[in-house]
Amino acid sequence: MDLLLIAQLGVIGLTFFMLINASAILVLAERKIMGFMQQRYGPYLVGPHGMLQPFADIIKLLMKEELRPKGADKWLFTLAPMLSITAAFAAFATVPWGAETTLFGLLDEPVKLGVSDVNVGILVVFAITSMGVYGIVLAGWASNSKYSLFGGLRASAQMISYELSYATSLAAVILLAGSLSLREVVDGQSGVWLGFIPSWYIFLQPVGFIIYMIAGVAETNRAPFDFPEAEQELVAGYNTEYSSVRFALFPQAEYINMTTMAAVATDLYLGGWHGPFLPPEYGWIWFLLKVGAILFTYIWVRWTVPRYRYDQLMRFGWKWLFPASVINLIVTAALVLYFNA
Amino acid sequence: MAELRTETMTVNMGPQHPSTHGVLRLVLELDGELIQSATPTIGYLHTGIEKTAEQKKWQQVIPLVERMDYLGAQSNSLAYALCVEKLLGLEMPQRVKDIRVLIAELQRLSSHLIWLGTHSMEIGAVSMLFYAIRERELLLNINELLAGFRFFPSYIRIGGLREALPRGFHDTVNAFLDRFPTKLDEYEGLLTKNDIFLRRTEGVGVVSEEQALAWGLVGPIARAAGSDYDVRKYFPYSSYETYDFNVPTATEGDVFARYRVRMQEMRESLKICRQAIDRIAPFGEWACDDTRVVPPPKDKVYTEMEALIQHFLIYSQGFTVPAGDAYVPIEGPRGEHGTYVVSDGTNRPWRVKMRAPSFMAIQALPSLVKGGLIADVVAVIGSNDVVMGDCDR
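From first to last, the protein sequence lines are chains A and B.
Under the numbering used here, residues 15 to 355 are what the first sequence spells out, in order.
Under the numbering used here, residues 77 to 469 are what the second sequence spells out, in order.
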């Protein structure tokens with residue numbers, strides 16, 4: 015085995031490990047930020063300033079009894095959370111998170127930071143995140159509970175209406191970059207304009223970025239679009255009947271999906287690991303900072319605004335977001351044609 | 077192709093559901109997410125307080141009635157005390173009346189704060205609950221200062237108040253009154269112009285003025301539909317006629333109109349509180365001088381035979397109330413809060429009956445939510461401000 019392969023395997027393992035950590039850190043971050051916004055401490059007792067709270071949560075969930083309602087579909091009920099979490103992990107497979115590095119001269123050939131570099135990376139991410147909804151729909155269906163069923167139905171309707179604008183806003187970036195590979199899209203954003211504006215696509219695609227962010231919130235079932243679980247309406251929605259580890263997998267999948275969403279947004283619009291002050295080998299620090307900023311925005315929004323109503327979300331998705339993203343795509347295409355010709 | 081068979085789905089919303097304000101049970105008949113019909117089932121919080129009251133002496137009923145509408149505790153006891161005082165023919169000194177007005181308005185603020193917090197939380201603005209509770213904490217502190225009890229102070233008694241005002245009462249109340257207006261602006265800044273909040277509340281759960289009055293929804297709900305009926309203006313009690321305040325109204329009759337009316341009511345309550353606290357002298361009478369009802373001061377009990385006997389009688393047998401019946405309505409936080417008391421001339425009430433505004437609000441629920449979505453049910457329950465303890469008693 016050569017050194018490069020070991021390094022590559024190490025990077026893959028690290029990505030997986032970081033994703034698991036991301037969900038734990040996000041649980042804590044969400045509760046801490048929520049507590050800060052609501053003028054309370056949040057978790058405070060486990061570890062210094064409650065920093066070890068995720069471990070307590072995990073231990074508690076592992077020790078809970080696994081319950082399955084009598085009328086539930088045995089196989090689908092177990093399969094649904096696995097499907098959710100698998101899709102969540104797999105979606106990150108083609109997302110690069112750092113420039114090529116030789117690990118400070120340790121390697122002869124540079125290793126790419128990221129699980130794999132596929133030439134249709136964006137499509138892969140998009141295809142796999144769409145799979146995630148099956149977990150929620152099946153969970154809702156298999157639970158044999160009315161609230162769960164409503165949650166599942168809402169999830170499927172919501173995904174269909176948001177996938178379109180989500181994909182269309184991505185297409186505009188693909189037109190700009192001229193590539194479907196996320197790594198090439200990021201490399202297209204290196205350098206600066208006018209000496210100080212970083213040449214990120216967010217400045218060329220502000221509308222697309224906003225649409226992507228809104229659709230991203232809807233895709234990951236976060237407030238104000240958290241209809242599948244809408245606590246005040248559907249008790250807990252699709253995961254009402256779940257407990258123990260099976261239950262834990264759903265929020266974990268949600269947080270990993272959020273991370274993927276933020277990572278893709280960083281790669282596509284915020285210049286990935288490109289940034290001032292840091293040498294390219296340390297670009298991953300920029301990447302982490304940008305992802306963190308987007309995730310913070312997600313949490314901030316969740317605890318600030320009320321929830322839309324289900325039919326209003328559909329109307330908003332089809333009547334505003336989708337037309338806006340189509341117009342954005344057409345304008346981008348026209349401009350790209352004009353400037354390239 | 078043959079016609080597809082469709083059927084409605086029955087969903088049991090409550091009694092264990094996050095947004096049914098305790099233990100309300102709604103049986104919803106759903107077509108997709110559209111409400112075909114809703115049937116409220118009440119009684120899960122039945123405590124038999126009205127019946128228990130018949131076994132208690134007149135004064136002992138006060139803590140009981142405070143536990144009915146647990147968010148508007150002192151409005152209940154005020155209504156009951158006024159009713160019994162009407163039977164006894166007692167007239168309170170002006171200072172006692174002013175203190176009662178102040179307490180009732182602070183109670184209205186505290187109840188509206190819980191309404192605001194839970195209502196907006198159910199619409200999805202979870203953080204609002206914590207902001208509302210933050211200010212309510214100060215009101216509970218005032219209760220604690222008054223009586224050593226935060227939820228059910230039982231400070232209002234038949235014949236006046238329980239004891240003299242505590243030291244520092246004026247400062248504490250004034251501190252709250254100075255702080256609260258800016259906080260109200262904060263709440264409104266978060267919700268009143270919020271696009272999502274408007275979409276969720278405008279045109280939802282509409283009730284017309286005639287319907288509201290026919291359902292007996294007098295109070296904020298009818299005022300949001302165009303009525304200007306407020307007991308404080310129409311049948312003033314406890315010298316409300318001497319206070320300067322407006323009755324906020326709206327005409328739309330939807331959830332948002334109710335929100336606006338209640339927010340406005342809080343500002344009017346603040347106005348009344350300011351006038352009341354300025355009128356109340358730090359020291360003075362805290363009860364009427366009727367020796368039948370009010371125990372004599374301790375120094376007299378230890379020195380005078382008459383006073384000692386009176387003291388013993390009040391604490392052992394209580395007092396008797398002339399036979400007869402009386403109904404006194406007051407403007408509680410949730411609407412007209414009436415007390416009907418029948419006395420047979422003994423030292424215990426023969427019957428105590430409360431007209432609970434929450435009961436009316438739940439009665440009207442099915443017609444308000446019909447044709448809406450599940451999310452609207454939650455918004456309407458919140459905006460009707462039902463308290464199950466009040467409804468089930």
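In short, the hints are calculated from the structure, not lab data.
Check the hints yourself; a few may be wrong.
Each computed DMTMM-like pair below joins lysine to aspartate or glutamate, with the alpha-carbon atoms no more than 20 Å apart [stated by the list, open to error]:
#, chain 1, residue 1, chain 2, residue 2
1, B, Lys446, A, Asp325
2, A, Lys160, B, Glu83
3, A, Lys46, A, Asp71
4, B, Lys173, B, Glu317
5, B, Lys269, B, Glu328
6, A, Lys160, A, Glu44
7, A, Lys160, B, Glu105
8, A, Lys333, B, Asp271
9, A, Lys160, B, Glu109
10, B, Lys173, B, Asp366
11, A, Lys74, A, Asp87
12, A, Lys160, B, Asp107
13, A, Lys160, A, Asp71
A quick look at each hint next to the structure:
Simply put, lysine 446 of chain B and aspartate 325 of chain A have alpha-carbon atoms about 16 Å apart, close enough for the 20 Å limit, and the pair holds. Our distance criterion of 20 Å between C-alpha atoms is met by lysine 160 of chain A and glutamate 83 of chain B, whose separation comes to about 14 Å. Distance check on the hinted pair: lysine 46 of chain A and aspartate 71 of chain A sit about 14 Å apart at the alpha-carbon level, within 20 Å; holds. Proximity of lysine 173 of chain B to glutamate 317 of chain B is assessed by CA-CA distance (about 11 Å); at most 20 Å being required, the pair is judged to hold.
Simply put, lysine 269 of chain B and glutamate 328 of chain B have alpha-carbon atoms about 17 Å apart, close enough for the 20 Å limit, and the pair holds. Restraint check for lysine 160 of chain A and glutamate 44 of chain A: not satisfied, since their Cα atoms lie roughly 29 Å apart, outside the 20 Å limit. With a C-alpha separation of about 12 Å, the suggested pairing of lysine 160 of chain A with glutamate 105 of chain B holds against the 20 Å cut-off. The hinted pair formed by lysine 333 of chain A and aspartate 271 of chain B meets the criterion: a straight-line CA distance of about 16 Å does not exceed 20 Å.
Distance hint between lysine 160 of chain A and glutamate 109 of chain B is fulfilled; the C-alpha atoms sit about 11 Å from each other, no more than 20 Å. Of the pairs offered as hints, the one joining lysine 173 of chain B and aspartate 366 of chain B holds, with about 16 Å between alpha carbons and a cut-off of 20 Å not exceeded. Only pairs whose Cα atoms come within 20 Å are accepted, and lysine 74 of chain A paired with aspartate 87 of chain A is rejected, the gap being roughly 26 Å. Taking the CA atoms of lysine 160 of chain A and aspartate 107 of chain B, the gap is near 13 Å; set against the 20 Å cutoff, the hint holds.
Proposed proximity of lysine 160 of chain A and aspartate 71 of chain A is contradicted: the alpha carbons are some 28 Å apart, above 20 Å.
Hints 6, 11 and 13 from the earlier list are contradicted by this structure; the remaining hints agree with it.
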